[in-house]
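Engineer: Residue numbers (this note's numbering), protein chains in the order written: chain C, 1 to 318; chain B, 1 to 406.
None of these hints come from the bench; they were simulated from the model. It is possible that part of the hints are untrue.
[What the hints assert, rightly or not] When the alpha-carbon atoms are kept at most 25 Å apart in a straight line, the in silico SDA-like pairs for lysine to any residue are as follows:
no.	chain 1	residue 1	chain 2	residue 2
1	B	Lys-172	C	Ser-156
2	B	Lys-255	C	Ile-173
3	B	Lys-377	C	Asp-170
4	B	Lys-377	C	Asn-55
5	B	Lys-255	C	Lys-120
6	B	Lys-81	C	Glu-62
7	C	Lys-253	B	Lys-286
8	B	Lys-81	C	Val-53
9	C	Lys-253	B	Lys-81
10	B	Lys-377	C	Ser-156
11	B	Lys-237	C	Ser-156
12	B	Lys-237	C	Val-53
13	B	Lys-81	C	Gly-260
14	C	Lys-120	C	Thr-147
15	B	Lys-286	B	Gly-233
16	C	Lys-253	B	Thr-193
17	B	Lys-377	B	Gly-233
18	B	Lys-290	B	Lys-237
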Amino acid sequence: MTIVAPRTEAVAPAAAAPAPGRRRRHSPERWTRLLFIAPAALYILAFFGYPIVKNFTMSLQEYTTKTFFTGEAPWVGLANYVTVTTSSLFGPAFLNTALFTLGSILGQFVIGMALAVFFKRRFPLNGFLRSMMLLPWLLPVIVSSATWRSILDQDSGILNRFLGAIGLTDAPIGWLTDPAVALIAVIIVNIWVGIPFNVALLYGGLQDIPEELYEAAALDGATGWKAFWHITWPSLRPVVSVVLVLGVVYTLKVLDVILGLTNGGPANATQTLAVRSYQESFVNFQFGVGSAYSNVLILVSLIFAVIYLRANRRAVDE
Amino acid sequence: MMKKYRYPIFASLAIAPLILTGCGSSASPEASGSADSLTVVDYYNNDPDKGLIGDALDKCAASINVTLDRTVVPGKDLIQKVLQMSSSKTLPDVLMLDNPDLQEIAATGGLAPLSQFDVDTAGFAPGILEAATYENEVYGLAPTVNTLGLFVNPAMLAEAGLEAPKTWDELKSTAAALTSGDRYGIAFSSIATYEGSWQFLPLLWTNGGSEDDLTSPEAAEALALQVDLVNAGSASKSVVNWSQSDVKDQFAAGKAAMMINGPWQIPALSEDPSIEWDTVQIPINKAGQKAVAPLGGEVWTVPQTGNKDKQAKAAQLIECITSDENQLALAEARYTVPTKTALSEQYVALRPEMESFTEQVANARSRTGILGTGWPKAATQIYTGIQLGLTGQATPEDAFSKATAG
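Work the whole structure out from these sequences, hints included.
Structural biologist: Here it is, written out as structure tokens:
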């Protein structure tokens, strides 16, 4: 939501800027206009601006449990950022965040798209199945990760039992106990969690594509894959970019899935920037270091937001 | 003209107080005043503990003529709640803390030393006093404590013709002998949280290691024991992802013949009479060593609320809840151990199944005794090292130097 807001704000003043000579006459209207903006602006300042500024200042302070009682938080400059970037976990956590985000988005999007296209067809129980698809979204993540933890259990988990029974694996896979596999397992679960979001948005986008386009294309011999590439994909592009950017921003900050499944283990194999930030702040009580981690995360999200805005502007220009 | 434009400004200013009042509504504490009611915060949010502690608190409150307003929060949220309350100056009159957190909170200046209220701290087990002491002042007292021990399934031992292990070598051979089919010989928790570190401490301490020198050969030997058990297949590889309650579930399901766990699991184990269990002390590495286990349990403290009368009443409440009578009653009901060592004999007569835990508590050490507020950092290094060792990322000799490198 925060990503879309700046765009409309940026466009509005340019379009509505009064001609220089008529300024005085339009002043009352300007006030009215400002008043309409005021509630939204106050809301953003209080609930987005303040936490972001507070988080930034906190990252420059030695902010510990003591601060909560005494209110004292000495300034330490960039010391927290030095702690973060020189930590032996920073590199792996950064890489894991990238792999986790990339893997999750790729899986969610491809499967989500396939399902959305599939549900566009008419078949019995379509509506029922589609609403069942939303289930992972409705379940509290902490519940679904507890369930997945038992599914992925090395000894008695149903997934290993199943893989063993159909002869795919000789030895049980240590989904959550083998550092080489744990990240993949966490990504799989996050893909499962994210599919409904992708299906819902992409399915909505598909509904907006006029049926006539397909009929006309069919007359020219474009059906199946051809119809998808030449009609569905181009018409869906705006929805796709929203889905992908929101997906990236949501996935970068995923915490509950990882905490519920592995808590960053085994042997730090599933540490991400979000997990580091949480653990520094709420396990080690180093709130300054924790907020430095989260600022790195905010910076990365911001880069994606800018990419999104630029890509969109180019699309409008075209 | 100008006047006309001002109204909107006034209108927007009129909204401001609404927003500002949202931030500043916390009541400031009175310096003194009527002390006929006390607020209490603790984390016993599940029965039977919730009810047992609540009844004991209410009885004590009645004896000192106050009423209680008790709030229970989930265990993992307690510290965050305490931090919120201390920044908004709404700390309760009586606050329960997990013992390894006490020094951290005492260091903030948020707690009142019990000596201010002439609370007698004589007779309490040294370990728990050590945990509750910050800069030579005792800040909290616990009615009962717990620790870790080795649970064994006597039927499975008898079937294999074995006795409960007393040394690490016996532990390894017994665990190997008890492993069969989808049953492991032993289960323990080596999860990447403080729980994993807590479960490692009995091995580390019994072998003469210390949390302030993790790269010692004693620490490597303790880790090697866990690694050997997993590599031999006597313990599941999943131990790196098991919490202590997962370990209890494995044992209760008959999938582990032994487990390292604490007495707070006994009520759950007793629910099903078909589960057979017995407890012994944690095995030792070499002859002549003494089993040393970590001390668990919650201490009750008096926060700095600024209201002297209520603080005095709060101290009385803590004295009452840690009285001999309440210690025995709570220990019996909750399968914990009284903190006054003089009560041990009387207690074991009441609850013979708690004998090994009661003995273990006499020698038990607190996690914050040596490192104080540095404990969280060491605990993180401990579980990181264990995970590196158990997943084969490092040898037991190298694991802790890798983990302490930062």
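Engineer: Indicate, hint by hint, whether the structure satisfies it.
Structural biologist: Now for the hints, and whether the structure bears them out:
Straight-line distance between C-alpha atoms of Lys-172(B) and Ser-156(C) comes to about 23 Å, which keeps the hinted pair within the 25 Å bound. As the CA atoms of Lys-255(B) and Ile-173(C) are separated by approximately 19 Å, the hinted pair is consistent with the 25 Å bound. Distance restraint check for Lys-377(B) and Asp-170(C): the Cα-Cα separation of roughly 40 Å exceeds the 25 Å cut-off, and the hinted pair is therefore not satisfied. Distance restraint check for Lys-377(B) and Asn-55(C): the Cα-Cα separation of roughly 23 Å lies within the 25 Å cut-off, and the hinted pair is therefore satisfied.
Taking the CA atoms of Lys-255(B) and Lys-120(C), the gap is about 48 Å. The hint is violated against a cut of 25 Å. Distance hint between Lys-81(B) and Glu-62(C) is fulfilled; the C-alpha atoms sit about 20 Å from each other, no more than 25 Å. With a CA separation close to 48 Å, the supplied pair Lys-253(C) and Lys-286(B) exceeds the 25 Å bound. Of the pairs offered as hints, the one joining Lys-81(B) and Val-53(C) holds, with about 23 Å between alpha carbons and a cut-off of 25 Å not exceeded.
As the CA atoms of Lys-253(C) and Lys-81(B) are separated by approximately 23 Å, the hinted pair is consistent with the 25 Å bound. A hinted pair counts as satisfied when its Cα atoms are at most 25 Å apart, and Lys-377(B) with Ser-156(C) does not qualify at roughly 34 Å. Annotation: proposed proximity of Lys-237(B) to Ser-156(C) holds, straight-line Cα distance about 12 Å (limit 25 Å). Only pairs whose Cα atoms come within 25 Å are accepted, and Lys-237(B) paired with Val-53(C) is rejected, the gap being roughly 44 Å.
Between Lys-81(B) and Gly-260(C) the CA atoms are separated by roughly 21 Å; this keeps the pair inside 25 Å, and the hint holds. Proposed proximity of Lys-120(C) and Thr-147(C) is contradicted: the alpha carbons are some 31 Å apart, above 25 Å. Proximity of Lys-286(B) to Gly-233(B) is assessed by CA-CA distance (about 23 Å); at most 25 Å being required, the pair is judged to hold. For the suggested pair Lys-253(C) and Thr-193(B), the alpha carbons sit about 21 Å apart, so the restraint of at most 25 Å is met.
Our distance criterion of 25 Å between C-alpha atoms is broken by Lys-377(B) and Gly-233(B), whose separation comes to about 31 Å. Under the criterion of a C-alpha separation no larger than 25 Å, the hint pairing Lys-290(B) with Lys-237(B) is inconsistent with the structure, at around 29 Å.
Checked against the numbered hints given earlier, this structure breaks hints 3, 5, 7, 10, 12, 14, 17 and 18; the rest are met.
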